[in-house]
Amino acid sequence: MLRVFYSVLARDILLALRRRTDVLTTLFFFIIVISLFPLGVGSEREQLQALGPGVVWVAALLASMLALERLFAADYDDGTLEQLLLTGQPLALLVLAKVLAHWLLTGLPLVLIAPLVAMQYHLEATAVWVMMAALAVGTPVLSLIGAIGAALTLGLRGGGILLSLLILPLYVPVLVYGAGAVTVSAIEIADTEPYFHLLGAFLLGALVLAPLAAAAALRISLE
Amino acid sequence: MTINWFKFASPAAFYPIAGRLIPWFGGVAAALVLIALYWGFFETADRLGGSNPQKEYYRIIFVHVPTAWMSMWLYLVLAGWSAIGLVFNTRLSFMMAKAVAPTGAIFTFLALWTGALWGRPSWGTYWDWDPRLTSELLLFFLYIGYIALHSAIDDMRRADRAAALLAIVGLVMVPVIYLSINCPDPNQCAALHQRSDPGSIHPSILIPMLTMTLGLWSYSFAAVFARLRNIILSRESDNAWVRDVVAKEAV
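Chains A and B, in that order, are what the protein sequence lines are.
Here UniProt numbering is used: the first sequence runs in plain steps of one and ends on residue 223.
Here UniProt numbering is used: the second sequence runs in plain steps of one and ends on residue 251.
Simulated from the structure, these hints should not be mistaken for lab results.
Backbone N, C-alpha and C define an ideal beta-carbon position, used for all residues, glycine too.
Take these hints with a grain of salt, some might be off.
FRET-style restraints, in silico, Cβ to Cβ [claimed, not checked]:
#1 A:Leu108 - B:Asp128: 51 to 61 Å
#2 B:Gly19 - A:Phe28: 35 to 45 Å
#3 A:Thr21 - B:Ile231: 44 to 54 Å
#4 A:Thr80 - B:Asn89: 26 to 36 Å
#5 B:Pro23 - A:Glu193: 55 to 65 Å
#6 B:Trp24 - A:Gln89: 45 to 55 Å
#7 B:Phe41 - A:Gly40: 41 to 51 Å
#8 A:Thr80 - B:Trp123: 29 to 39 Å
#9 B:Arg120 - A:Asp191: 49 to 59 Å
#10 B:Val87 - A:Leu2: 25 to 35 Å
#11 B:Asn89 - A:Ala10: 53 to 63 Å
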């Protein structure tokens with residue numbers, strides 16, 4: 001069973017690395033959205049420090065959502081997805097492998113680029129570390145929840161807009177605690193630990209439930 | 001005696017019953033809403049609260065609270081019929097879920113709207129990022145998402161099942177969303193929690209509020225059944241009994 005997991009994972013990563021621009025587009029979308037905010041709201045230092053955590057998280061939400069469309073679309077178009085359904089292997093496991101590959105290619109780069117965008121918002125060094133850690137725990141949850149939406153809207157007209165309508169309300173808890181952790185880290189006496197406990201709880205819950213729901217959604221979309 | 005629970009799960013069997021029930025529920029709804037409105041406007045105190053009383057404008061709670069309750073209850077109904085439909089694969093359950101969604105969305109919108117009208121005189125603002133307001137707004141988005149997904153899929157079977165799954169996923173998320181907005185800072189959860197206890201409300205206010213809730217509930221039955229009948233007719237239009245019904249009613 002693990003062999004299937006690894007082979008799907010390796011295949012998806014290999015395919016994505018052959019088309020590197022797809023990965024880079026998501027990353028640059030993230031950077032552009034973040035760079036636009038100071039131009040719109042003004043570039044005073046205090047204001048940017050206050051806005052920074054929220055803006056980075058909203059940008060991460062949008063970037064991960066835009067990338068979701070590609071999670072199943074290519075495999076759906078060329079029929080690979082149907083073959084995966086017919087393999088007899090647990091579909092939830094295959095979905096999990098695809099989501100993991102997707103996160104490694106679109107979520108992880110956002111985590112690694114975070115210090116750079118934090119500089120644009122004059123965030124302190126501690127806040128940068130907290131932000132990277134929060135993004136590292138939070139973005140997999142976004143990919144996992146998003147997979148359900150991507151599976152439900154597979155092959156529909158106007159899928160992208162519809163996907164955002166379905167998925168963005170469900171992203172709210174991650175946004176609240178992810179941005180909250182970074183904001184709180186600026187206050188000396190405050191403790192960021194509870195935020196990470198809750199983000200971790202979301203991650204574990206999503207790891208268990210989201211692949212099952214996404215697998216059920218794929219079966220509905222492909223029957 | 002054994003009861004055949006699935007007898008009325010057939011659209012053909014349920015269609016005439018729904019038709020006969022609509023006037024009853026509609027009548028009860030009109031009566032209860034009128035009683036509740038009269039009571040709320042003329043038989044209750046002119047002001048509410050102690051040192052900083054709310055004046056006449058508090059009366060909007062007789063509409064606001066029942067619509068908010070109904071908006072949440074109808075989402076449970078929607079998710080419940082969706083789950084029944086996915087488990088038992090009954091056509092009527094999906095139609096029921098689809099018929100409930102617009103009514104639920106309307107109640108959610110009304111709760112938000114009346115809440116804004118109440119917030120203006122009492123808080124000095126139409127909108128605040130209060131936990132309850134925000135989660136009600138997200139509930140509205142969930143209803144809209146359900147309706148949008150259903151209407152985006154042309155294949156009825158897939159539309160029913162996909163939207164049903166979305167409703168259930170949303171149901172799991174609702175408490176998480178509510179708690180996460182209600183308590184954005186885990187360090188001080190207790191301080192932010194708002195108290196809401198039916199026992200602490202004065203009976204002269206609670207009773208019209210509950211009457212209004214029952215009235216709106218009754219209205220929901222009538223509206224949902226009316227919508228359900230239309231859905232049944234359009235989806236079962238290939239069947240002979242539908243042609244008979246349409247031929248009879250067209251005269």
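Between B:Trp24 and A:Gln89, does the C-beta distance stay in 45 to 55 Å? holds, 54 Å
Against the range 35 to 45 Å, how does the distance between the Cβ atoms of B:Gly19 and A:Phe28 compare: consistent or not? Because 59 Å falls outside the window, the suggested range is violated.
Status of the given 26 to 36 Å range, CB of B:Asn89 versus CB of A:Thr80: The hint (26 to 36 Å, Cβ to Cβ) holds, given that A:Thr80 and B:Asn89 are roughly 28 Å apart.
Range first: 44 to 54 Å. Now tell me if the beta carbons of A:Thr21 and B:Ile231 are that far apart. The hinted range 44 to 54 Å holds for A:Thr21 and B:Ile231, with Cβ atoms some 46 Å apart.
Starting from the range 29 to 39 Å, see whether the pair A:Thr80 and B:Trp123 falls in it by beta-carbon distance. Because 55 Å falls outside the window, the suggested range is violated.
Do B:Phe41 and A:Gly40 keep their Cβ atoms within the hinted range of 41 to 51 Å? holds, 47 Å
Confirm or reject the claim that B:Arg120 and A:Asp191 have a C-beta distance inside 49 to 59 Å. Between B:Arg120 and A:Asp191, where Cβ atoms are some 38 Å apart, the hint is violated.
Does the hinted range 25 to 35 Å hold for B:Val87 and A:Leu2 at CB? holds, 32 Å
Is the distance from the Cβ of A:Leu108 to the Cβ of B:Asp128 consistent with 51 to 61 Å? violated, 37 Å
Is 53 to 63 Å respected by the C-beta to C-beta distance linking B:Asn89 and A:Ala10? Hint violated: Cβ distance 38 Å, outside 53 to 63 Å.
With respect to the beta-carbon atoms only, verify the hint that B:Pro23 and A:Glu193 lie 55 to 65 Å apart. holds, 60 Å
Of the numbered hints listed earlier, those contradicted by the structure are 1, 2, 8, 9 and 11.
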